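Whatever position you read off the sequence shown (first residue = 1), add 33 for my numbering.
Everything labelled a hint here was simulated from the structure, so no lab data went into it.
Since the model is a prediction, treat every value here as computed from it, not as a measurement.
Any given hint could turn out to be false.
[Stated by the list, open to error] DSSO-like, lysine-lysine: derived pairs with alpha carbons at most 27 angstroms apart:
| # | residue 1 | residue 2 |
| --- | --- | --- |
| 1 | Lys-947 | Lys-327 |
| 2 | Lys-424 | Lys-272 |
| 3 | Lys-947 | Lys-914 |
| 4 | Lys-685 | Lys-639 |
| 5 | Lys-473 | Lys-443 |
| 6 | Lys-885 | Lys-327 |
| 7 | Lys-194 | Lys-145 |
| 8 | Lys-480 | Lys-215 |
| 9 | Lys-462 | Lys-409 |
| 10 | Lys-942 | Lys-914 |
| 11 | Lys-154 | Lys-473 |
| 12 | Lys-154 | Lys-462 |
| 13 | Lys-960 | Lys-947 |
| 14 | Lys-475 | Lys-443 |
| 15 | Lys-257 | Lys-871 |
| 16 | Lys-257 | Lys-194 |
| 17 | Lys-914 | Lys-885 |
| 18 | Lys-215 | Lys-154 |
| 19 | Lys-914 | Lys-979 |
| 20 | Lys-700 | Lys-751 |
| 21 | Lys-967 | Lys-940 |
| 22 | Lys-257 | Lys-272 |
| 23 | Lys-518 | Lys-475 |
| 24 | Lys-794 | Lys-327 |
| 25 | Lys-154 | Lys-480 |
| 26 | Lys-363 | Lys-327 |
| 27 | Lys-257 | Lys-215 |
| 28 | Lys-128 | Lys-154 |
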Amino acid sequence: MLPLRILGFLWLMFSPCGSESRSCPPDLGPPILRPPEVIKEYGHSLVVNCSSNTEEEYEGLYWRVGNRAFEEDWGSVELDLSLLNYDMNVQCRMKLNESYECSTDLEITVYKNPEVVSSVKHVSDTGEETQYELQCDVFNVAPVQNLTVRVYKNNEAVLIKAFNDSTKTPVNETATLPISVKRTEHVVQLRCEAQLDFGARGEQPPVVVSQTHSVSALHAPEMKRENRTEVKFVLKGDKVTLDCEAEGNPPPVFSWTCDGVDLLGKTNRVTFYPNVTTICICRAANRLGNITKKYVIEINAEASSANPPIITTPAAQRPRGCPLILVPPKIVARFGDPVSAVCNTSATDAEGIGWEVPVQGIGPVPPPSVSWNVEKLVEWEIEPVCYLNLKDGTQCSVTLPVTLYHTPDKVSISGPDHDLIEGNEYRLKCYIHNVAPAEKLKVFWYKDDDELPVREFYEESRTPVTVSDTLIITPTRHYNGSVFKCLAVLDLRPDGPQNLFTVSSPYTAVVQYQPLFVSCPSHFIAVEHESSLDMFPCQMDGNPAPTVQWYHEGEVFNSSEKLTRNDAGQYILEIKNIHGSTNTSVNITVESQRPRGCPLILVPPKIVARFGDPVSAVCNTSATDAEGIGWEVPVQGIGPVPPPSVTWNVEKLVEWDIEPVCYLNLKDGTQCSVTLPVTLYHTPDKVSISGPDHDLIEGNEYRLKCYIHNVAPAEKLKVFWYKDDDELRVREFSEESRTPVTVSDTLSITPTRHYHESVFKCLALLDLRPDGPQNLFTVSSPYTAVVQYQPLFESCPSHLSVVEHEFSLDLFPCQMDGNPAPTVQWYHEGEVFNSSEKLTRNDAGQYILEIKNIHGSMSTSVNITVEYGPSFTCSERYEVKVNTHIKSLCEPEGEPSPTLTWFKDGKEKVQWTKHDSGEYEIEANNKHGTAKHKVYLDILYAPEFKDGNLSLEVTQGENVTLDCAVEGNPPPEVVWSFSPDVTPGQTAGWRQRTITVTAATSGVYSCNATNEVGNVSRTVSLVFKSKSRGLPFPIWVILVILATLLFIFLLVFFLKRQKSHGQYSFIAANADNISLSTRSTEGRI
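Please model the complete structure; the sequences and the hints are all you need to start from.
Put into structure tokens, the structure is as follows:
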């Protein structure tokens, strides 16, 4: 194998010539870079070292950045590199000779950490959940292929998006995600995070986090209490405060009507002093719906002692709440403006009143009022509290709602800084800088004068924030030259100022699109030697402006050339720009005389103007033989004047039937003229609706009439009918009347219950398109339909579980409807049931709910389960057999059925053994509580012998003591019996645990033990043994000593037992066979 040096020499010989960089020979190795890779942010700088560890000869090392070469050195070279380019080509080169170099590329990633702006767009509502769209806009990020965007909902990542674009320079990216928010989720936090992730290769830029948006589900107003009608009995002149108690999102706007009169208050609470029976209706509404509640204030000579169902009677003690009145009840003020509020009380037992506020707090001071004044309110999160000290030592307080607002510092639009291409999608972005509160912000988009979708913001931010909204457009040719604007409105109604809007600077769309013919005749009559194709009356369009080319008989034709009779024939007109081309065929006739018609052009060709506005028009001619041109008009006529044009001006046009005529005098003495069409319009003085002045009955037919007063021209009028926001029908008028007239239109309706409180409007529109202004509409005053209909249940559960002593049928969650409001009656077991009475466990069962008004009645069946906590009614002592499972020994009461747990000495027990007698604690649990009970258990078990059956050899005639050692609970009864060997079947019975048999004979002694749980028996068999030789003397002495010691021990034992249990002597039934005594000095078994 050749040496490496020779291989390297051969490799250099056969490599292509030239000094450009190549890979290094194998024996040399490439230049070594430290660091080998760079990941740094744009604008930073660093030092990179290049060296070689080869021992072979080379001429030097040097750096090359792009096309710039740095100073050459040997051994190692350093480069002070500034990262001012996103796509950098950096090499360290090793110069081997004059004609050959090799190199190592420095891997460089120049990044730009992005900016992140998030916005939330409301999409739709279902009542139980709201759909939003969260948009994350990432600006100026590079390289985008390392970007990861995460969307978080309550700190949980719900979207992770990566990007595949290999672009190295900064770009903008967008990620959108639909977000569903349920009502049960309350407030949801949304945010975006953008991160450039380079793994373990280099530094990790910090995560960029957008602002956090707090959103919640939107829903129509709902009453906190289900009853929709409330009756109050009061004395004449008493103070009455009514609280609508409705909540919704967005917060509802309240309106009150008492005895048909609209009250000025727009809050949820009103106070007044009625002298007669009064009916008040509260209406709470937001853009998702509305709900009403009816209050009947009955005036009695003295307070009622009994209340009918669903009646609230004032209590004798102080009512709930704090007797404080704030004026104003809410404050909506500009940040930095002065504010003031007065807190009043009517309490007779008030001792002091004051304001607790971080800024300019005051008090307590003597009642009845105290003022809070601030010259310049600059606290965004302020919550002033008015407090009242009472003589009984208690205190109550009311918080004054304060909303500070800040109109935007600037509203701007950003969009593409180049021409738009028809059919492509683009995004316009509206930035609203430093606005508060964000949840009161609405953004309106306009294209020219047309309103586009409206964006409402729901971010809860009391301090100024910068927010944005994005409008996606796909432009057509009609967008060219259109002006886009966004208008930011702070909607602080009903308590704050109105018309707080800021308009952005305009964005003018320049749209490029392919050419098209708007209006071109297929035949043209030209005058010989006077007309050229440049004069062809063709209206075309295109951007960039199309080039025009004429073709005749397959050849290009000069369009500026005057036509002769030989040029008549078929022509092709082609128009073209960078986006495409189109063509049309035209037949040209060339005449030797002037064509018919008058060569006059009016600018504008038509006039549509408001009655009394200024108007002007210009009349032009291209005729070469014109002598004079003028206007023949009853007002401000002019001419003739020298051609080619004449202008007609009127400062105030008040002639309804005017017909201006432009005329042209020709040199041959003839005259021609053209009439300028003029349409004067007048928007209606008023649009009104008339309808029945009484309640409507469901199913009957009624007529509503819309009157449009003084409108012209009538033939341009359209009338739109609306029920709430739904369009019902459109009526177009065909009456020709150029002067103002009053017209009407009739709408027939057959109302249903769904029409109740629907608002009917008619909208009168003057449709003057295409030559006149648009959106000339006038809306009528509303007509609110009050529809009476029979009751019905909208949503009522057939079964309900309630808590004992906490629920009455007044609180039953049943949504019912009817007008007049239905009366409610409950029945239980065929009897009327008081719906205000709190339910107990004895009230559980089937109920009938009946609702009724003058138009009918309806009923439904409801099963009520009354739930309550556990309780015990058990004994304190029980006997239970051993090894049985815990069952229904001590069952507690409770609904739902409680779970039962037994404890002994703090440990749970599920089964008893014979040693478990003692005190137990029982614990019963259900969702309403826990109950405990102590009980003593006596564990019963059958008799058990300590020893088994026994066979014993005895000497005939010796005394034997037999013991029946047995235990059991209750203590067992013991009975002995004997069966002798000599006379089988002969027995004797003794009721003694231990017996002594005198002069025992062989046989079987049986011990039977019995208690109420069971019985057992044990036998002892006595067998005679033969006489044997006496023992040697020493053994005999030892046995005597041991027997004596045993006797003494037994004597002591029996004496003690006699004291506690007693000793008994038994005489056998058959005295001839067995002798019994209470003591024995013989063997004991």
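Hint by hint, here is what the structure shows:
1. Lys-947 x Lys-327: violated, 71 angstroms
2. Lys-424 x Lys-272: Holds. Lys-424 to Lys-272 sits at ~22 angstroms (cutoff 27 angstroms).
3. Lys-947 x Lys-914: With a Cα-Cα distance of about 8 angstroms, the restraint between Lys-947 and Lys-914 holds, given a limit of 27 angstroms.
4. Lys-685 x Lys-639: holds, 17 angstroms
5. Lys-473 x Lys-443: It holds: about 17 angstroms lies between the C-alpha atoms, which stays within 27 angstroms.
6. Lys-885 x Lys-327: holds, 16 angstroms
7. Lys-194 x Lys-145: holds, 18 angstroms
8. Lys-480 x Lys-215: Violated. Lys-480 to Lys-215 sits at ~35 angstroms, over the 27 angstroms cutoff.
9. Lys-462 x Lys-409: violated, 35 angstroms
10. Lys-942 x Lys-914: holds, 15 angstroms
11. Lys-154 x Lys-473: holds, 14 angstroms
12. Lys-154 x Lys-462: holds, 13 angstroms
13. Lys-960 x Lys-947: Cα-Cα ~35 angstroms, so violated.
14. Lys-475 x Lys-443: Holds, at about 15 angstroms.
15. Lys-257 x Lys-871: It holds: about 19 angstroms lies between the C-alpha atoms, which stays within 27 angstroms.
16. Lys-257 x Lys-194: violated, 43 angstroms
17. Lys-914 x Lys-885: Status violated; Cα separation ~62 angstroms.
18. Lys-215 x Lys-154: holds, 16 angstroms
19. Lys-914 x Lys-979: holds, 20 angstroms
20. Lys-700 x Lys-751: The given pair, whose Cα atoms are some 49 angstroms apart, is violated under the 27 angstroms limit.
21. Lys-967 x Lys-940: holds, 14 angstroms
22. Lys-257 x Lys-272: Measuring from Cα to Cα gives roughly 23 angstroms; hence the hint holds.
23. Lys-518 x Lys-475: At roughly 14 angstroms apart (the allowed maximum being 27 angstroms), Lys-475 and Lys-518 satisfy the hint.
24. Lys-794 x Lys-327: holds, 25 angstroms
25. Lys-154 x Lys-480: Status holds; Cα separation ~20 angstroms.
26. Lys-363 x Lys-327: Holds - the C-alpha atoms of Lys-327 and Lys-363 are around 25 angstroms apart, at most 27 angstroms.
27. Lys-257 x Lys-215: Distance ~19 angstroms between Lys-257 and Lys-215 Cα, so the pair holds.
28. Lys-128 x Lys-154: With a Cα-Cα distance of about 62 angstroms, the restraint between Lys-128 and Lys-154 is violated, given a limit of 27 angstroms.
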